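Chains as they are written, first to last, in my numbering: chain E, 1 to 267; chain R, 1 to 267.
Accuracy of the hints is not assured; some may be wrong.
Heads up, the list lumps identical chains together, so a pair's fine if it works in one copy or across two of them.
[Stated by the list, open to error] When the alpha-carbon atoms are kept at most 27 Å apart in a straight line, the in silico BS3-like pairs for lysine-lysine are as follows:
#: 1; residue 1: K55; residue 2: K198
#: 2; residue 1: K154; residue 2: K198
#: 3; residue 1: K257; residue 2: K49
#: 4; residue 1: K49; residue 2: K183
#: 5; residue 1: K163; residue 2: K198
#: 6; residue 1: K189; residue 2: K163
#: 7; residue 1: K150; residue 2: K163
#: 8; residue 1: K24; residue 2: K150
#: 9; residue 1: K55; residue 2: K189
#: 10; residue 1: K163; residue 2: K24
#: 11; residue 1: K154; residue 2: K49
#: 12; residue 1: K198; residue 2: K49
#: 13; residue 1: K189; residue 2: K49
Because the hints were derived from the structure by calculation, they are not lab data.
Only a predicted model underlies this, so the values are computations on that prediction, with no experimental measurement involved.
So you can see what is in the structure, the chains are spelled out below.
Number of protein chains: 2
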Amino acid sequence: MNILVTNDDGIYSPGLRMLYSFVKDLGRVYVVAPETPKSASGLGITLHKPLRISKMELEGVQAYATSGTPSDTVYLAALEIVDRIDLVLSGINVGDNTSLQVILSSGTIGAAMQAALLGIPAFAFSVDVNEPEELLEDPALISAIRNVAKTAVKFVAEFGMPKGVDVISLNFPRRFRPGAVVKLAPAAKVKFSQRVDKRRDPRGGIYYWLYGELVKAEPGTDVYIVHEEGDIALTPLSLNMNVLGSRQEADGAALQKLVELLNRSIA
Amino acid sequence: MNILVTNDDGIYSPGLRMLYSFVKDLGRVYVVAPETPKSASGLGITLHKPLRISKMELEGVQAYATSGTPSDTVYLAALEIVDRIDLVLSGINVGDNTSLQVILSSGTIGAAMQAALLGIPAFAFSVDVNEPEELLEDPALISAIRNVAKTAVKFVAEFGMPKGVDVISLNFPRRFRPGAVVKLAPAAKVKFSQRVDKRRDPRGGIYYWLYGELVKAEPGTDVYIVHEEGDIALTPLSLNMNVLGSRQEADGAALQKLVELLNRSIA
């Protein structure tokens, strides 16, 4: 199995190296990622300027850095670097990608969605931390992510992606509490109430910072599971935003089986 | 009714001025748009750097240019410029936004989706042209877009957005052929087969251009209607990418009524 490991935090993010190290023995694993952080870039693609690919070594491993967005990176990997990608793993993102609001502008999930548009199964991994270094602080959390990632890859290798599902997004809490479990959960609509902070620069000019304030999460949603319960949310997503026509029904049994296997792996 | 007119081609695009001129008498209309083109920026939002807003006059009309993406622009408009936005109109985009592949990375539709996340009804307008100037070439097309835009605004003012629909995307063909009609259509999955062109710069370095080749469109889809039939596609979209849980069913009768009114307006 040819696995592409990518992200939106850039080639130097510890999350990318972690994800690679977790799955490197499960297939032929390629690391291709943006050369600089591209958070919140959504599915942006670069059509108006040329792109570059740099070969590099990342802790003894051959990797590729691109000058593009996460979506550009998936295309370049699929068209120029890897012969046939069987699975895309995107992450591990610094910051959880819970709620449709965040999903829709997430570069981590954007990369997974571009993969899905190419017909490639894709998983996104995200953790509710603020800084890259925090990814390395909790050995129990690292172990849980490792087990979940390995089990997910083995599941897809054996059974394929559950029917009717394009992308599976996994969101982990900041710390792994004993007894934490993986829960199947839809994404909440919004996570943040949008705010803008108006400031003056030293020369008196006005500038603005966009930020968000957490809104109260609804029980059962990805936001609630990660932020209120400290559990792991598994959110299956479809690219099909059409209101018209019927969507292929998701294979609920396959999703349940995946969740069971993941829970067994972290128990 | 407070209407925000925005786009992703930037404040100087003729499409923005056209859209403003079509609806300016239907409410209090605000023009807020990115200061430079932001095509294919999806729903990217800017969190890592501050944003600016410049007041300017655009053909005698007060307008605002932002340094952000289309999504940033909607936030800045909603939080800083307009008291309460009732409707967002995004476009008129240079290039059609047909297929989920294009929709997911479209800045024009990204702006409309950000509006929907804020609970604001939104329409996106796009035309299958390559250059901004082409928007001005076909008086019959201009007249059709004007009538469609005005009728859509009046519809929302009277009946609200059809239930179960977050964003309505309207895609127009390059030229208006006599008898062309508006058709209700789901978005195709993909429009392009992705390609990459590998080149050498004058110093011998390798660089890449991403581009797409049109794939054969399936009858009944937005791509087919615009590119093969020369008609206008009306595509209702939902933000809800969740595979789990049920989506609110769309109000088909309201959508049919809207299509009828639009067709009457261009007959």
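**Request:** Can you give me the call for K24 and K150, within, between, both or neither, at a CA distance of at most 27 Å?
**Result:** within (9 Å within a copy, 57 Å between copies)
**Prompt:** Between K189 and K49, at a C-alpha cutoff of 27 Å, which is it: within one copy, between copies, both, or neither?
**Reply:** For K189 and K49, the Cα distance is within 27 Å only across copies (25 Å; inside one copy 34 Å).
**Prompt:** With identical chains treated as interchangeable, where does the CA-CA distance between K49 and K183 reach 27 Å or less: within a copy, between copies, both, or neither?
**Reply:** neither (42 Å within a copy, 35 Å between copies)
**Within, between, both or neither, where K257 and K49 count as close if Cα-Cα is 27 Å or less** = Cα proximity of K257 and K49: none, with 44 Å in one copy and 43 Å across.
**Request:** Evaluate K198 and K49 at a C-alpha cut-off of 27 Å and name the case that applies: within, between, both or neither.
**Result:** Only across copies: K198 and K49 sit 13 Å apart there, 33 Å inside one copy, limit 27 Å.
**Request:** Could you place K55 and K198 in one of the four classes (within, between, both, neither) given a Cα distance threshold of 27 Å?
**Result:** For K55 and K198, only the inter-copy Cα distance (16 Å) is at most 27 Å; the intra-copy one is 42 Å.
**Asked** Is it within a copy, between copies, both, or neither that the alpha carbon of K154 lies no farther than 27 Å from that of K198?
**Response** For K154 and K198, the Cα distance exceeds 27 Å both inside one copy (49 Å) and across copies (35 Å).
**Message:** Checking an output row: K163 and K24, CA cutoff 27 Å. Within, between, both or neither?
**Reply:** within (26 Å within a copy, 47 Å between copies)
**Request:** Go through the copies and call it for K55 and K189: within, between, both or neither, with a Cα cutoff of 27 Å.
**Result:** Neither, since 39 Å and 33 Å both go past 27 Å.
**Prompt:** Given a CA cutoff of 27 Å, do K163 and K198 count as a within-copy pair, a between-copy pair, both, or neither?
**Reply:** Answer is neither: 47 Å inside a copy and 35 Å across each miss the 27 Å cutoff.
**Message:** Regarding K189 and K163, is the shortest C-alpha distance of 27 Å or less found within a copy, between copies, in both, or in neither?
**Reply:** Both ways: K189 and K163 sit 23 Å apart in one copy and 16 Å across, limit 27 Å.
**Prompt:** Within a copy, between copies, both or neither: where do K154 and K49 come within 27 Å Cα-Cα?
**Reply:** Result: close neither inside a copy nor across copies, 38 Å intra and 40 Å inter.
Of the numbered hints stated above, those contradicted by the structure are hints 2, 3, 4, 5, 9 and 11, listed in ascending order.
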